[in-house]
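Use these hints to put chain S onto chain W, whose structure you have.
Number of protein chains: 2
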Amino acid sequence: MSKGLPKRSEDYSLWYNELVKKADLAENSDVRGCMVIKPYGFAIWEKMQATLDGMFKDTGHSNAYFPLFIPKSYLSKEADHVEGFAKECAVVTHYRLKNDENGKGVVVDPDAKLEEELIVRPTSETIIWNSYKNWIQSYRDLPLLINQWANVVRWEMRTRLFLRTAEFLWQEGHTAHATKQEAIDETVQMMNVYADFAENFLALPVLKGVKSESERFAGAEDTYCIEALMQDGKALQAGTSHFLGQNFAKAFDVKFANAEGGAMEYVWGTSWGVSTRLMGALIMAHSDDQGLVLPPKLAPFQVVIVPIFKSDEQLAEISEVALKIKDDLKKLGISVKFDNRKTHKPGWKFAEYELKGTPVRIAIGPKDLENGTIEVARRDLLEKNVMPLDDTFAQGISDLLDNIQETIYKKALDYRTSHSFEVDTYEEFKKIIASEAGGFVYAHWDGTAETEERIKNETKATIRCIPIDQKQEEGKCVYSGQPSKGRVVFAKAY
Amino acid sequence: MSKGLPKRSEDYSLWYNELVKKADLAENSDVRGCMVIKPYGFAIWEKMQATLDGMFKDTGHSNAYFPLFIPKSYLSKEADHVEGFAKECAVVTHYRLKNDENGKGVVVDPDAKLEEELIVRPTSETIIWNSYKNWIQSYRDLPLLINQWANVVRWEMRTRLFLRTAEFLWQEGHTAHATKQEAIDETVQMMNVYADFAENFLALPVLKGVKSESERFAGAEDTYCIEALMQDGKALQAGTSHFLGQNFAKAFDVKFANAEGGAMEYVWGTSWGVSTRLMGALIMAHSDDQGLVLPPKLAPFQVVIVPIFKSDEQLAEISEVALKIKDDLKKLGISVKFDNRKTHKPGWKFAEYELKGTPVRIAIGPKDLENGTIEVARRDLLEKNVMPLDDTFAQGISDLLDNIQETIYKKALDYRTSHSFEVDTYEEFKKIIASEAGGFVYAHWDGTAETEERIKNETKATIRCIPIDQKQEEGKCVYSGQPSKGRVVFAKAY
Numbered sequence: 001m002s003k004g005l006p007k008r009s010e011d012y013s014l015w016y017n018e019l020v021k022k023a024d025l026a027e028n029s030d031v032r033g034c035m036v037i038k039p040y041g042f043a044i045w046e047k048m049q050a051t052l053d054g055m056f057k058d059t060g061h062s063n064a065y066f067p068l069f070i071p072k073s074y075l076s077k078e079a080d081h082v083e084g085f086a087k088e089c090a091v092v093t094h095y096r097l098k099n100d101e102n103g104k105g106v107v108v109d110p111d112a113k114l115e116e117e118l119i120v121r122p123t124s125e126t127i128i129w130n131s132y133k134n135w136i137q138s139y140r141d142l143p144l145l146i147n148q149w150a151n152v153v154r155w156e157m158r159t160r161l162f163l164r165t166a167e168f169l170w171q172e173g174h175t176a177h178a179t180k181q182e183a184i185d186e187t188v189q190m191m192n193v194y195a196d197f198a199e200n201f202l203a204l205p206v207l208k209g210v211k212s213e214s215e216r217f218a219g220a221e222d223t224y225c226i227e228a229l230m231q232d233g234k235a236l237q238a239g240t241s242h243f244l245g246q247n248f249a250k251a252f253d254v255k256f257a258n259a260e261g262g263a264m265e266y267v268w269g270t271s272w273g274v275s276t277r278l279m280g281a282l283i284m285a286h287s288d289d290q291g292l293v294l295p296p297k298l299a300p301f302q303v304v305i306v307p308i309f310k311s312d313e314q315l316a317e318i319s320e321v322a323l324k325i326k327d328d329l330k331k332l333g334i335s336v337k338f339d340n341r342k343t344h345k346p347g348w349k350f351a352e353y354e355l356k357g358t359p360v361r362i363a364i365g366p367k368d369l370e371n372g373t374i375e376v377a378r379r380d381l382l383e384k385n386v387m388p389l390d391d392t393f394a395q396g397i398s399d400l401l402d403n404i405q406e407t408i409y410k411k412a413l414d415y416r417t418s419h420s421f422e423v424d425t426y427e428e429f430k431k432i433i434a435s436e437a438g439g440f441v442y443a444h445w446d447g448t449a450e451t452e453e454r455i456k457n458e459t460k461a462t463i464r465c466i467p468i469d470q471k472q473e474e475g476k477c478v479y480s481g482q483p484s485k486g487r488v489v490f491a492k493a494y
Numbered sequence: 001m002s003k004g005l006p007k008r009s010e011d012y013s014l015w016y017n018e019l020v021k022k023a024d025l026a027e028n029s030d031v032r033g034c035m036v037i038k039p040y041g042f043a044i045w046e047k048m049q050a051t052l053d054g055m056f057k058d059t060g061h062s063n064a065y066f067p068l069f070i071p072k073s074y075l076s077k078e079a080d081h082v083e084g085f086a087k088e089c090a091v092v093t094h095y096r097l098k099n100d101e102n103g104k105g106v107v108v109d110p111d112a113k114l115e116e117e118l119i120v121r122p123t124s125e126t127i128i129w130n131s132y133k134n135w136i137q138s139y140r141d142l143p144l145l146i147n148q149w150a151n152v153v154r155w156e157m158r159t160r161l162f163l164r165t166a167e168f169l170w171q172e173g174h175t176a177h178a179t180k181q182e183a184i185d186e187t188v189q190m191m192n193v194y195a196d197f198a199e200n201f202l203a204l205p206v207l208k209g210v211k212s213e214s215e216r217f218a219g220a221e222d223t224y225c226i227e228a229l230m231q232d233g234k235a236l237q238a239g240t241s242h243f244l245g246q247n248f249a250k251a252f253d254v255k256f257a258n259a260e261g262g263a264m265e266y267v268w269g270t271s272w273g274v275s276t277r278l279m280g281a282l283i284m285a286h287s288d289d290q291g292l293v294l295p296p297k298l299a300p301f302q303v304v305i306v307p308i309f310k311s312d313e314q315l316a317e318i319s320e321v322a323l324k325i326k327d328d329l330k331k332l333g334i335s336v337k338f339d340n341r342k343t344h345k346p347g348w349k350f351a352e353y354e355l356k357g358t359p360v361r362i363a364i365g366p367k368d369l370e371n372g373t374i375e376v377a378r379r380d381l382l383e384k385n386v387m388p389l390d391d392t393f394a395q396g397i398s399d400l401l402d403n404i405q406e407t408i409y410k411k412a413l414d415y416r417t418s419h420s421f422e423v424d425t426y427e428e429f430k431k432i433i434a435s436e437a438g439g440f441v442y443a444h445w446d447g448t449a450e451t452e453e454r455i456k457n458e459t460k461a462t463i464r465c466i467p468i469d470q471k472q473e474e475g476k477c478v479y480s481g482q483p484s485k486g487r488v489v490f491a492k493a494y
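So the protein lines, in turn, are chains W and S.
For the first sequence, UniProt numbering puts the final residue at 494, and the numbers step up evenly by one.
For the second sequence, UniProt numbering puts the final residue at 494, and the numbers step up evenly by one.
Take the hints with a grain of salt, since some may be wrong.
Intra- or inter-copy, both count: the list cannot distinguish identical chains.
Below, simulated BS3-like cross-link-like pairs (lysine-lysine); rule was C-alpha separation at most 30 Å, straight line [to be verified]:
#  : residue 1 : residue 2
1  : Lys342    : Lys255
2  : Lys460    : Lys7
3  : Lys345    : Lys133
4  : Lys57     : Lys330
5  : Lys297    : Lys208
6  : Lys349    : Lys133
7  : Lys21     : Lys57
8  : Lys326    : Lys47
9  : Lys324    : Lys57
10 : Lys297    : Lys47
11 : Lys104    : Lys87
12 : Lys331    : Lys297
13 : Lys57     : Lys47
14 : Lys98     : Lys250
15 : Lys410    : Lys330
16 : Lys337    : Lys21
17 : Lys250    : Lys104
18 : Lys113    : Lys87
19 : Lys47     : Lys331
20 : Lys133    : Lys356
21 : Lys485    : Lys234
22 : Lys330    : Lys297
23 : Lys345    : Lys255
24 : Lys133    : Lys104
Just so you know, the hints here were simulated from the structure itself, not pulled from any lab data.
So that you can see chain W by itself, here it is in the shape it has in the complex (with noise of 0.2 Å):
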């Protein structure tokens, strides 16, 4: 019963967005590129929210919030960044609408037209340090470690429900600091969270690298980045960490006096952001054929109680014994939710819940009252059994989810150990690089953009990352044979 979802080895494209609306995640809008992202599909976006928060709070950071618009003239005060973002923006030129002549509808009130357009933030860094350059004077004032939860727009040509939309959801931190430094320590530490909240929610084992130039964000120094696999051996840029430099505190005109007699220097900064994409990372990196799979930590409810009746007597009877589980499995702080849906039946509910990647599924029927047992399902492994309802079970549920948990995670893992490679030849990379299996290929590189440019355009291949656990290790680029002293990360990319 997978509800007629698509074969991951036959449609892997069509399985994923097949999956996303069927699990009742996000379907597309009637708006182009927009998406609306359901009531369950938010759940777990609520639960990364949740978790990133703590974090960011954790390090310090506290939340704010800048403009939704940003001035046209704005944009284009840091050379980079507005070629980076011109390309793709809504622009807002009108600010009133007026009765049609016919009467039929409305129209734009052509008098009603702003002296500068607004632009609809692509991203805030722009809007956030013109503000920035009145709130900082003097180092007393840094760091300014600040972070804003908000939806952005980037007009995609091409989109697909999370992974690239018109809108989305995100966070961006943006850090100002007195040295150059405590800025890129500040870039690290952010890239190292991501990491983190990947590998011990998402169940992601993700590589910390740096982009090379060309893939860099319009405006940073230097940007940090964490890379996924996804299970089409494709990869996943799942968050970005950027040391901005100066250069956003020149074009706004950012100073502070200096605590070694009050000089006035520019200010450092750094910006950093995951978004709504991170759910299509959940989504691809451990979903089946079957349907979802969550890891505990963000799934909306860990355990669902279906009772198997067949009279208003025997459901009034399991009810009892699985409000009792409900309430002890709470009290171990995990969230579950009993579906005593008359309307419909045991086997429609167990496809539900597996194509909704319920970590846990308890049945409880009639048998199970006289046993005093109860039927666990754990939809990872999609393995059942049956276990006594006894004082120990609460603490088995809870075993079994951390263990549900780890697994997904040593599942993923070895997938992209399986799934990485070193190569030594443009032969074996091109090779690999075109396999179904696809995934991550360690190969020599010359560090210039015109190598790069070139294996992307043959291969289709982009350098994900330098990793940060670079090997020092003498080599020759795998397309020019120039010298090399580490091996970079290449791979197809969503």
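This is chain S only, laid out in the frame that chain W set:
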């Protein structure tokens, strides 16, 4: 040390604006009418959000997210709705910028004009009911109980921080029901949730009532509201809950097969929202000439500890005690900031936390260490006491916070009581409305929009609501002398 805050009695409006800025709550951005919510202000909003979100979930609602953009044609589908919002909306007409010909900056690319203009949502009924059309087929899909936290844009010409801004943050609930009664019950329930929140968290007594037809939400059959009274005698609408009838169901053709034989019926709807305007209500209702007064339940931190020291040794000794205090208070769920900065003097800190409304300030100096005491100051009454630092102190602080929450509420309630008047003549009516003290005026009204309009033009007073608990009482309209069955509440309003 009021840091130059104007007095309320001299210029209430200026006092408010200055307080919002000096207490680091928010500031105007360079984008007309759009504010920046600063970290301290946003921390209060986050507490409001978390509390309300819990209340929505406790009443069965789930969060979701719908697109920022609304196709122009959607807005027109409900006639009253478009009439209400078309005149003040931000319109996206293009999706790309390009480099200016003379190489200076960027201009809108005329080749990237949208086929249909998009409106930045002023509220989301239209885009949401367009989705509901696909989500609802049968009575089994109902009720549909969804909330969204989002930014919205209404192109207001005269803006004020928090109270009226072009962009603001809010939540909007949108529910769909099988019966009229169920939808009305939901509408009333959410008004009650808002009133509960206002009274128990904002410490703000509110009137519950129904709007007159002319003050109704554009597209609603009935608008329920909560109305609060500010310290300048003006009313502030703090939340609204709309019974939409079948208006949006008809505009977007949302029907369901009923439980009795499956006949197709139009769905009944509600929508309800509160916004960052609540921040304005909070500030204006309680604060004084010294600065903010925050109810403990919404304060970013409830207690601040200020050490009084002359040497590093003294600071070290005090810190040990302070951290113990912080720990003990934390165990009771109390949030504490220990401000051990050496860059600022105790007097500066005292003024700062007074300005920022921290409910309780604890000062510890060398004398206190000797005596085993602390100095405890409550912000609301500007009173201070020396307390022994013994086993009971933490509970004492907890009780004090409860007392502050109650005292603030009581003060606002007393204010409202002493500023509520029953009047029977238009002379009396005009006298009170024109007086500096202002207030709520309970008066008979003939129920016509004409009278309402004339009173508004002559006095600037509007009908705030027809109270839910309106006494049935025969009377004559203060304006027209026509018969009336009960008093309604008039006031000048924000």
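Status of each hint after checking the structure:
no. : hint            : in the structure
1   : Lys342 x Lys255 : between (66 Å within a copy, 23 Å between copies)
2   : Lys460 x Lys7   : within (25 Å within a copy, 67 Å between copies)
3   : Lys345 x Lys133 : between (62 Å within a copy, 26 Å between copies)
4   : Lys57 x Lys330  : both (26 Å within a copy, 17 Å between copies)
5   : Lys297 x Lys208 : within (22 Å within a copy, 41 Å between copies)
6   : Lys349 x Lys133 : between (56 Å within a copy, 24 Å between copies)
7   : Lys21 x Lys57   : between (34 Å within a copy, 24 Å between copies)
8   : Lys326 x Lys47  : both (20 Å within a copy, 29 Å between copies)
9   : Lys324 x Lys57  : between (36 Å within a copy, 22 Å between copies)
10  : Lys297 x Lys47  : both (8 Å within a copy, 24 Å between copies)
11  : Lys104 x Lys87  : between (34 Å within a copy, 16 Å between copies)
12  : Lys331 x Lys297 : both (16 Å within a copy, 26 Å between copies)
13  : Lys57 x Lys47   : both (15 Å within a copy, 14 Å between copies)
14  : Lys98 x Lys250  : between (42 Å within a copy, 23 Å between copies)
15  : Lys410 x Lys330 : within (27 Å within a copy, 37 Å between copies)
16  : Lys337 x Lys21  : within (22 Å within a copy, 46 Å between copies)
17  : Lys250 x Lys104 : between (50 Å within a copy, 18 Å between copies)
18  : Lys113 x Lys87  : both (22 Å within a copy, 13 Å between copies)
19  : Lys47 x Lys331  : both (19 Å within a copy, 25 Å between copies)
20  : Lys133 x Lys356 : between (47 Å within a copy, 23 Å between copies)
21  : Lys485 x Lys234 : within (26 Å within a copy, 72 Å between copies)
22  : Lys330 x Lys297 : both (14 Å within a copy, 26 Å between copies)
23  : Lys345 x Lys255 : between (66 Å within a copy, 25 Å between copies)
24  : Lys133 x Lys104 : between (47 Å within a copy, 23 Å between copies)
Checked against the numbered hints above, the structure breaks none of them.
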